[in-house]
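Peer 1: Which chain is which? The protein sequence lines are A and B, in order. In this text, residue positions in the first sequence follow the working numbering: the first is 5, and each later residue adds one. In this text, residue positions in the second sequence follow the working numbering: the first is 740, and each later residue adds one.
No lab work stands behind these hints: they were computed from the structure. If you're wondering where the values come from, they're calculated on a predicted model, not measured in any experiment. Honestly, I wouldn't trust all of these hints.
What the hints assert, rightly or not - Straight line, CA to CA, 25 Å or less: simulated DSS-like cross-link-like pairs of lysine-lysine:
1. A:Lys24 to A:Lys12
2. A:Lys413 to B:Lys1052
3. B:Lys1052 to A:Lys449
4. A:Lys57 to A:Lys72
5. B:Lys818 to A:Lys410
6. A:Lys89 to B:Lys753
7. B:Lys764 to A:Lys254
8. A:Lys254 to B:Lys952
9. B:Lys813 to A:Lys410
10. A:Lys12 to B:Lys952
11. A:Lys446 to B:Lys764
12. B:Lys1052 to A:Lys410
13. A:Lys237 to A:Lys254
14. A:Lys12 to B:Lys764
15. B:Lys753 to A:Lys318
16. B:Lys1052 to A:Lys254
17. A:Lys377 to B:Lys1052
18. A:Lys150 to A:Lys170
19. A:Lys12 to B:Lys1052
20. B:Lys1052 to A:Lys446
Unchecked claim - To give an idea of the chain A side of the interface with chain B (calculated C-beta under 8 Å), a few residues:
21. Gly95
22. Met355
23. Asp361
Every residue gets a Cβ at the ideal spot worked out from N, C-alpha and C, and that includes glycine.
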Amino acid sequence: MQTAIKMKSAFTGQHQAENKFTEHSPIVALPLPERVILPLQQHIGAPCELIVKKKDEVRVGQIIAESKGFCSAPIHATISGTITKVVPLIGPGNSNIVEAVEITADGDDQWAEMSGIAELNSAPNPSATLQAIAELNRDDVIARVKSAGLVGLGGAAFPTFIKLMKPQGKTIDTVILNGCECEPYITSDHRAMLEYARDVLLGFCVIYHMHEPQQAYIAIEDNKQDAIALYSKLIPEMGLAGKIRVASLKSQYPMGAEKTLIKTILGREVPIGALPLDVGVVVQNVTTSKSIWDSLTQGKPLIDRVVTVTGAVKEPKNLLVRIGTPIQTLIDYCGGLQDGVTEIIAGGPMMGVSVTDTSYPVTKGTNCILAKKTIPLQISECINCGRCISSCPMRLLPIMFVRAVKRNKYEVCSEYRIENCMECGSCAYGCPANIPIVEFIKTGKMMLRRIKAAKKLA
Amino acid sequence: MEETTNTAGGSGIKYLISHAPHAWKGESVSRIMWLVIAALLFPTAAGIYYFGFNAIGVIIVSVLFAVGTEWVCKHMRGKPFIMDGSAVVTGLLLALIMPPTIPLWMVAVGAIFSIGIAKEVFGGLGYNVFNPALAGRAFMMVCFAQPLTTWVAPTFFGADAVTTATPLNENFIIPPEKAAFYWDLFIGNIGGSIGETSFLLCLLGGIVLLAFKIIDWHIPVAFFGAVMIVAFLFGQDPVVHLLSGGLALGAFFMATDYATSPLTMRGRLLFGAGCGILTVLIRQLGGMPEGVCFSILLMNSLTPLIDRHLQPKPFGSVKKA
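Turn these sequences into a full structure, and let the hints guide you.
Peer 2: Written out as structure tokens, the structure reads:
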């Protein structure tokens, strides 16, 4: 039994009402949907190029769109059936139109040929498995993870294979498995950590092998005592005591964001505009870690994920969902909506985006569907109380951005380092005047991008 | 349109769009103002206890005229009048810094100035540069100097008003019975403005504000600290300076006013310290006997400068080599 290291928070944040209705609900597999809609961009990076066409028959796990460009992840069919449509789709929270493929189910669940790494599967006992991991060919791992279309499942959807590559000119000395899940309501990572614990740790071993760090932590907020206890027991049992430790962190929003997490655990600040690898750290979500393991042992691409359906639904649940399933199917499976629901949000209450049409699908980055009733808010003038400033984890001055955007002075935004804002929403959360600060910040960022683009053309 | 912009079929139900974040702490301007009023009830109670009917009269007139002026001004500007409590706070604060024997019509004039000129003309809540109650008092000092500097010993209810000197007039000379003097200062059994005499009750009000996180500790602590240090440097008794002259009322309720104090923590410490230094300097070297009112007003004028220069270093700022 290894004791978890308790770490104090290193930034200002708030403890929010957790509302984790589903923290004790085991993951339930959603029955196969009748059709799935797969947007061709579900990750940070360039959209993929379609390699199938209408009326083609596809099987589960078959690649249907290839990556273009370096930072990209291929898309695979998530049910077996026929391609019925290729339509343009506007996603929630986007002004981009991406192409999407609709697959209508054939009633079976036929999978494409997949193969995992033989050495991993044939290891006779756990220590042999660890040995086999330590002997994996690194380039092979990266190729497999890339072709499996894995992306970060914590919400950001960054292509995973890039994070497994050793960066040029920099050394990674710490790996952090992110199991914080700091937003209220969401429990998908929590349940995945509990139910797939061994796979999460074996995936971690792969990451460890790829980077050979000096230390590693699995970061869990202290509102998930069951997970902390489980990993404290499991890590020494699996012989990993020298490699990774449990870090028990204060339940504070936004503890799970990469930058604040690294600051809390290591005391290092990622410089503005830089990445964690610039301070020698790789952060990987716990569910992504499991998906790495699945892709290496079974050759399984990213075709399903855990989604928490919660809020004002009749029976909140954690569901294992085939990617591309329309959101309405999930809501129906949870008993439907309670009376008076006016908003559906994909994501958590702090950073999620509104979904207007529930036939929109679950994508690789969807970790939660939240149903809520609108609370009418009175927006008033700023009273200069400074609560936004004292709650900003990035030590910015949110109210200055609001004022600059209102007066169209976007260079002021740049001066005050708006690019450092991670849009966590802590400022707007505590504002007594209910000013929609994050909206102003998003506008400011967009205008700065346009100004920059216009300058390039000039 | 159906085929191209959303997926086939569509559930037919459209949901509302709202901005992230979709959760709120539950703060509101009204809640803050009413909590401030609740905290102010402590010094108000002290004022009414010590100065009886005089105090009640001044308080009622001040609050009524403050709220009334705001209503008129909002009407004239075509803006909605929301009873969020901010005018009540200004009216109440102004009453608490008035001498108890002041003629009520003068109080009305002061209240009209506080809200009408020092607040509404600048743009209303959040836009004022100077603390409205203190600006009102300063205005009245200029117009009605004599009544504003006439002090009486506590009258309680019914006793006749007897003019007296306050520790400030006495130039902080401490009478021989030191402990009893400190005690009188602490509980407020001395002459002075209605709400400022009792350090104890102003402190209780301040603790309420701190407990509900309406204010943070930086401005009051810096203010008190600076006063005591500078007083000591002048060879004066720091405790007397701390306990008298409405310092507690000013430090907790007036210097901490949101619109007129800096936004950042470092800025607030500097602001509080500046107020403290100026207070003692005015008390010792200036012609006025009381320093808190003017020191805060002077520091108010420096707030935008402090905000511009004392900003927190953003996360991940790299030191330029």
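Peer 1: Each hint: holds or not?
Peer 2: To see whether the hints hold, each was checked on the structure:
{"no.": "1", "hint": "A:Lys24 to A:Lys12", "in the structure": "holds, 22 Å"}
{"no.": "2", "hint": "A:Lys413 to B:Lys1052", "in the structure": "holds, 21 Å"}
{"no.": "3", "hint": "B:Lys1052 to A:Lys449", "in the structure": "holds, 20 Å"}
{"no.": "4", "hint": "A:Lys57 to A:Lys72", "in the structure": "holds, 18 Å"}
{"no.": "5", "hint": "B:Lys818 to A:Lys410", "in the structure": "holds, 20 Å"}
{"no.": "6", "hint": "A:Lys89 to B:Lys753", "in the structure": "holds, 22 Å"}
{"no.": "7", "hint": "B:Lys764 to A:Lys254", "in the structure": "holds, 19 Å"}
{"no.": "8", "hint": "A:Lys254 to B:Lys952", "in the structure": "holds, 21 Å"}
{"no.": "9", "hint": "B:Lys813 to A:Lys410", "in the structure": "holds, 23 Å"}
{"no.": "10", "hint": "A:Lys12 to B:Lys952", "in the structure": "holds, 21 Å"}
{"no.": "11", "hint": "A:Lys446 to B:Lys764", "in the structure": "holds, 21 Å"}
{"no.": "12", "hint": "B:Lys1052 to A:Lys410", "in the structure": "holds, 24 Å"}
{"no.": "13", "hint": "A:Lys237 to A:Lys254", "in the structure": "holds, 20 Å"}
{"no.": "14", "hint": "A:Lys12 to B:Lys764", "in the structure": "holds, 23 Å"}
{"no.": "15", "hint": "B:Lys753 to A:Lys318", "in the structure": "holds, 19 Å"}
{"no.": "16", "hint": "B:Lys1052 to A:Lys254", "in the structure": "holds, 24 Å"}
{"no.": "17", "hint": "A:Lys377 to B:Lys1052", "in the structure": "violated, 39 Å"}
{"no.": "18", "hint": "A:Lys150 to A:Lys170", "in the structure": "holds, 15 Å"}
{"no.": "19", "hint": "A:Lys12 to B:Lys1052", "in the structure": "holds, 21 Å"}
{"no.": "20", "hint": "B:Lys1052 to A:Lys446", "in the structure": "holds, 22 Å"}
{"no.": "21", "hint": "Gly95", "in the structure": "violated, 10 Å"}
{"no.": "22", "hint": "Met355", "in the structure": "holds, 5 Å"}
{"no.": "23", "hint": "Asp361", "in the structure": "holds, 5 Å"}
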